[in-house]
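Visitor: Chains Z and G supply the protein sequences, listed in that same order.
End of the first sequence = 304 in our numbering, gap-free, step of one.
End of the second sequence = 276 in our numbering, gap-free, step of one.
Mixed in with the good hints there might be a few duds.
What the hints assert, rightly or not - Over the 12 Å line for every Cβ pair with chain G, so calculated as not near, a few chain Z residues:
1) V130
2) P151
3) A261
What the hints assert, rightly or not - Computed spacing ranges between beta-carbons, pair by pair:
4) L116/Z / G165/G: 34 to 42 Å
5) S212/Z / D182/G: 34 to 42 Å
6) M85/G / S212/Z: 42 to 50 Å
7) V18/Z / G165/G: 35 to 43 Å
Keep in mind the hints are simulated off the structure, nothing from the lab.
Just so it is clear, CB atoms sit at the ideal spot from N, CA and C, and this is done for glycine as well.
Below, each chain spelled out in residue letters.
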Amino acid sequence: MTTQFAGQLEGRPRPFDVVVRLLFRLAAVITIVITVGILLALLLPSIGFFSEVPITDFLFGTRWAPRFADASFGVLPLVTATLWTTFIALVFAVPLGLGAAVLLSEYAHWRVRKVLKPILEVLAGIPTVVYGYFAVQFIQATVLKDWLQLPTGSFSVLAAGFVMGIMIIPTIASISEDALSAVPNALRQGSAALGANRMQTTVRVIFPAAVSGIVAAIILGVSRAVGETMIVALAAGQQARLVANPLEAGQTMTAFIAQAALGDSVVGSLQYDTLFAVGLLLFVITLVVNIISITIVRRVRKAY
Amino acid sequence: MVIHTSVRTGASLPDKPYGQLACEQVDVYYGSFRAVTDVSLAFGINEITALIGPSGCGKSTLLRSLNRMNDLIDGARVEGRVTFMGEDIYGKRVDAIEVRRRIGMVFQKPNPFPKSIFDNIAYGPRVNGIRVDSMSDLVEEALTKAALWDEVKDKLKQSALGLSGGQQQRLCIARTIAVKPDVILMDEPCSALDPIATARIEDLMHDLRREYTIVIVTHNMQQAARVADRTAFFTAQVDEGNGDRTGVLVEYGKTAQIFENPTDRRTEDYISGRFG
Ligand SMILES: Nc1ncnc2c1ncn2[C@@H]1O[C@H](COP(=O)(O)OP(=O)(O)OP(=O)(O)O)[C@@H](O)[C@H]1O
Ligand SMILES: [Mg+2]
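Isolated chain G, as found in the complex:
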């Protein structure tokens, strides 16, 4: 079996990621239930990192803890440290709003606002008080980067809800780019899309990597293999203390190594199971 992994495997990818964003011994709880246990992981700058693993192992939960989206969930709590440029984003004086501006997120289900296409993109810069000479230029730039400009340039005033699912997802990516974050988190961004739209978003990620650090959750092994520089494999294991199933990090490395040469049996089983 041959798996084609990301083009950037060889010399250009450092052995250890230069971690702009990192977790140190992170536990995430929902009330008393510990959904994720003891994850330490560094996400390399200008790299794409894929988080893979079976359903319910806590990938989304971990991803949400990286930009404090868990703050919006009743009862969710993070222990350990998540650092961004060396600073703990859960620190006392840190503003969660600023964290989310620097670390953007694209969700599994496209969630455009019930506004015009233009206003969807302009929303982020407006609420952040970003001064621009021309909002139209900024909107065009974001839509172009998200490979959507040509399709929508004549209907910017129309409702974003009239776009197809794939277009909506690219709009959500454009919306995220418009606030110029440093990191983009993506939770199964292609799960609702057809292969063509998926391919476009994967191309887009390759382009975006030059400017952004990207973390993507995916159930699609081929996708992880195609786009990710590094891959982290998670699984759910039964906690000896209370019998809960909690998510743990099994193995983390360059995508080629994870797919071609996994060191852990569980990784191998999962990957080979998927590829049959």
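Bound conformation, chain Z alone:
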């Protein structure tokens, strides 16, 4: 009797499913190929570069002068400028972005939220050249120099970092707001039913529950700040020098790449290859930031 019913569970061929599966697989392969391609495009010229410049000279040297006759390839000046602008941007963007997210998600009336959330997302789309112009003309020239009378030149990492912070606030706020709103209301009610006020509920229950989304928001902010080019090129200056104080000017890694890429380096020359070495370093830094944050999220997740 088993044979009599055999075959009843066999499926008909489903051509549509097959095609869709193929398309998805293709998309996945293309993504991987492109990523590997970019990595190779960075790596190959970098190998040429590091065969001529010792990697320790590059990483720990304090003078960046790739185009001078007595060329020097110490990347630290570019790194310090990038660290300063990124740090300053985060100092402003993280508290304000998270504050805005908490306000929208936990305190604002739903009608207010419905209006503000899209505005926030539009703000995130303003072209960065506009921010850059605002940074150099208004923040640097007018606010820092004229109003505050600070001892600073035409450019500073402070102005660039501050405006970059403003630029990434909407990103951090919007993504953290999504993470906070995704926390089930049952937890808010449970907390309130124990006599917790809104602040306690937010800080002790909602925030920990949303931590991975919030960290993701901050990582994205960091990545945007590290990779941002236009604002720093316009407002932080184009002199590669070790930056010791935020009122100084300094060239960031991205600003150097932009400048060098626009220049007239001969393809295959050492000057041309420096561009890729700096690009590779930028890539590694972003990767490390990501790995560190993922580790942090795992730790925090484990705690509860």
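Assemble the complex: chain Z is given as a structure, and chain G with the ligands must be docked to it using the hints.
Guide: Only chain G with the ligands this time, still in chain Z's reference frame:
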């Protein structure tokens, strides 16, 4: 048909409840929709009161109005008076946070925080700034009262989300007990639980009655009959003014009387319908 009602029916239960918590002509609105109309009801101190009635008749809505949980819902509004120890909890100078500390709530779906078992219990005392000599003792006491201690005493540091549904619900009860409220409101606390876990929570309610005033919403007639001293039956009726279906209190009395000798036809229909 025989329904076994709560053991405490006879002389020990006063005819009229001594109302520590009471509603006086309470209406609850969601926006312009009136979900509950004109409910007056006193919940006796150290008694278990069951709220029963068909789905959508406003039991949860009324329960939430008893500790101002409705404040958290956009557009919800309460009219009339809800008094706790004689004071209107919706009064101008009353702090909703303090109301909720004194009148705790256990929800239909267990909602433990994504924290350790220990931190779930310690959360309430911490946010309320309750000074204790030893938080561990307080946690143990609360878990013991909620009949959960033996099952979790070796894994207090582990996540509460790893517990079973029934354990999570008892954890939520323990969490509520830990802030030492006067009243515990329970909205269908056993609806997600198996008969064994349900029996444990019912036993627990009997124990807790000595110290707390308990109000429980339930769809389970047998449960109401087993645990409640008094029962209030609600139904949804069409409002003559605007045609909305609004919840009204039909009948309120000792559980034995409601189940064995209802005075209102609708109560009788509902109860006999359920028991077939
Ligand atoms: N947050 C809300 N917003 C708007 N209307 C609501 C809300 N909660 C409940 N209602 C409405 O109020 C009425 C009563 O709902 P409630 O949840 O209090 O009923 P219930 O008696 O608890 O039902 P059940 O037994 O199914 O839990 C229903 O008509 C419902 O649609
Ligand atoms: Mg309900």
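Visitor: What are the numbers of the hints that this structure violates, sorted from low to high?
Guide: none
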